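Chain V is fixed; fit chain U onto it per the hints.
2 protein chains.
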Amino acid sequence: MAVIKAAILGFGTVGQGIYHILNEKREALREKLGVELEVAKILVRDTSNERIPGTQHLLTDNIDEVFAEKGMQVVFEAIVNEEPAFSYLKQAIENKCHVVTANKVMFAKRGLELQTLAKQNGVFVGYEATVAGGVPVIKTLKNILLVNDVSCIQGILNGTTNYMLTKMRKEGWSFEEALLEAQRLGYAEADPYNDISGQDAFKKLMVLSDLAFGEQPAWAEVEVIGVDTISAEDVKVATEQGMRYRHVAEVERQADGKIVGKVAPMLVDREHPLFPIDDVFNAVAIDTNYIGTLTVTGPGAGMYPTASVMVEDYAEIIGKRAGFVVTI
Amino acid sequence: MAVIKAAILGFGTVGQGIYHILNEKREALREKLGVELEVAKILVRDTSNERIPGTQHLLTDNIDEVFAEKGMQVVFEAIVNEEPAFSYLKQAIENKCHVVTANKVMFAKRGLELQTLAKQNGVFVGYEATVAGGVPVIKTLKNILLVNDVSCIQGILNGTTNYMLTKMRKEGWSFEEALLEAQRLGYAEADPYNDISGQDAFKKLMVLSDLAFGEQPAWAEVEVIGVDTISAEDVKVATEQGMRYRHVAEVERQADGKIVGKVAPMLVDREHPLFPIDDVFNAVAIDTNYIGTLTVTGPGAGMYPTASVMVEDYAEIIGKRAGFVVTI
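If you read the sequences in order, they're chains V and U.
First residue of the first sequence? That's 1 in full-length UniProt numbering, and the numbers climb one at a time after it.
First residue of the second sequence? That's 1 in full-length UniProt numbering, and the numbers climb one at a time after it.
Bound-form chain V, shown alone (with noise of 0.2 Å):
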């Protein structure tokens, strides 16, 4: 059977949770795909620290250790900021190797570059796990957009948000410990300034933006406001009227074709679909011309709900290349 050899790119909670799945799926991956795929580098900042017990032999420091590795073809990445990230990709798929990717700051930079110089190499960019954790609203659009024109996508597109928010009506709890709690539990970064500004919600939204418009507003143009212009009283009060707070990023493309965006809080009914939308998960309405409008609800965050996500597109990927034979 044929071996594709595959690497992950940072270790961190979504690096390994992709290790933990293609090791707990192996038997499942390899009947369905016909391939057998093996985790042959991972490339970390510091070596000595072994998170997986018997990945050891896999770490390297070194991007070009792992381009030397004979049958590499496979890259997952998994680390934050937009360099060196992008750089590692670029030179992956000039090496031939597909390459998955969770990086929304990265991606809604750079992303369409990736893809164009992709598809001049003849491997694709899953991107899946940009966007909503484990909510499939990249491969939901693309399936769309076979058929429909989108006019406007709405969501919840930050889970520590929404859970800090959740924790703050259901518990009564200040910004501040829903903040700590969220950092606790693993959901906020140590920095937690992307979250809550709104910024995290901004770059997926730009993502979106790509996909469904093929451009993006004038980032400068698009409105963010975090969710720190929301006090524990605004919230009390938003429950005793019946109604909650959610931070909703939008982009639309207006009718003289205009893209434009916008992230912040916004109070909902009970009749509004975001409205049960609560913890840590995530919600995308799509506004469809021959569907109407598709929403698509699930955990926003979180090792496994990220992880799957980039191995289903791995999975998508070798099922693409496996092809389909029959005679049009």
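What the hints contain is simulated information worked out from the structure, not anything from laboratory work.
Do not take every clue at face value.
Said to hold, decoys possible - Below are the DSSO-like pairs computed for lysine-lysine, each with C-alpha atoms no more than 30 Å apart in a straight line:
no.	chain 1	residue 1	chain 2	residue 2
1	U	K258	V	K142
2	U	K139	V	K320
3	V	K109	U	K170
4	V	K142	U	K119
5	U	K139	V	K170
6	V	K5	U	K139
7	U	K32	V	K96
8	U	K170	V	K236
9	V	K5	U	K142
10	U	K236	V	K32
11	U	K170	V	K320
12	U	K236	V	K320
13	U	K170	V	K32
14	U	K139	V	K96
15	U	K119	V	K320
16	U	K320	V	K5
17	U	K170	V	K5
18	V	K32	U	K119
19	V	K320	U	K320
What the hints assert, rightly or not - Far from chain V, some chain U residues (derived; all Cβ distances over 12 Å):
no.	residue
20	H20
21	Q199
22	L211
The model shown is predicted, which means the values in this text are computed figures rather than measured ones.
Think of the CB as a built atom: it goes at the ideal place given N, C-alpha and C, for glycine as much as any other residue.
Same frame as chain V, now just chain U:
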């Protein structure tokens, strides 16, 4: 450019929707897929009834004429009962045609058989439209199943009855008034038995069971309770208590491996994800091991939503055929 010939079997609401979308999106589909699709035959019972101007020359009441057409390669089927639909599609597959069906009655009973036959003949079966109208639950499930195990599926699978329950609550209509209006709007069939008895939702549930678990529960063991057991007074009482009736279909794999199903009205409170799903909307929640619970929501009925997912099935099939050029 290669031309692919297609037939539409059945030219009611959904069949006409397919014809309209294929015309409206002709350019876009040609550009995306690299092939031209031509509707070459339309199978109807009465060829003297030209439902869309300009289609008279395409109409036939003889299935053999469909397959006698040179270059016929895709069959869209939008007929309602098991036969003759199954025989037609079997014949189509044996003639190496891809088939795309919206026929849940047939597919609940013969779906696995058709898929096996298709595999043997190197063609594809698209059946997104058999379940939940415009909601892409089949594609979402297929994608999830590449990596995840599914334990339970729960949802509103019948748009007609959800519309009726919504109107009974919002307008204070009786069951009979709601049914009449559903019929007037074309949501309910002239014979509404399948909708209100729960048989329609049951058939869709069986299609989902086949896909998620590879098998169905014994049909006789599935409890199916219709919405006709709910009176206007029941709805009024529920509304006063802040609750809503939903008609819910559910199938799960028990700990002992047994697959069990149920279709019945359910009272849900405002914290329940199905609470805000009103009108003809469907919603399907899928419990998985890695991702957690994913929910997809959208219009469960109507000409364009259903026809749109059928054309998406076609586009997906052609996309697979076009293949993927890379050496691994």
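### Task
Take a quick look at whether K170/U and K320/V sit within 30 Å of each other, Cα to Cα.
violated, 48 Å
### Query
Within 30 Å, alpha carbon to alpha carbon, are K139/U and K96/V?
Roughly 28 Å separates the two Cα atoms, so the pair holds.
### Message
Holds or violated: K139/U and K320/V, Cα atoms, limit 30 Å.
### Response
holds, 15 Å
### Restraint check for K119/U with K320/V, where alpha carbons must lie at most 30 Å apart
holds, 16 Å
### Task
For the pair we were handed, K139/U and K170/V, check the Cα-Cα distance against 30 Å.
Violated, at about 35 Å.
### Query
Is K142/V close enough to K119/U, meaning Cα to Cα at most 30 Å?
holds, 25 Å
#### Entry: 30 Å limit on alpha-carbon distance, applied to hinted pair K170/U and K5/V
violated, 58 Å
### Task
Mind checking the alpha carbons of K32/U and K96/V for me, to see if they're no more than 30 Å apart?
Judged against 30 Å, a Cα distance of about 24 Å means the pair holds.
### Query
Keeping to a limit of 30 Å between CA atoms, is the pair of K258/U and K142/V held or broken?
violated, 35 Å
#### Entry: Hinted pair K236/U and K32/V, Cα distance within 30 Å
Roughly 51 Å separates the two Cα atoms, so the pair is violated.
### Message
Is the claim that Q199/U lies outside the interface with chain V correct, judged by CB distances over 12 Å?
### Response
At about 25 Å from chain V, Q199/U clears the 12 Å cut-off, so the statement holds.
### Query
Does K320/V pair with K320/U here, judged by a C-alpha cut-off of 30 Å?
Holds, at roughly 7 Å.
In terms of the numbered hints stated before, the structure departs from hints 1, 3, 5, 10, 11, 12, 13, 17, 20, listed from lowest to highest.
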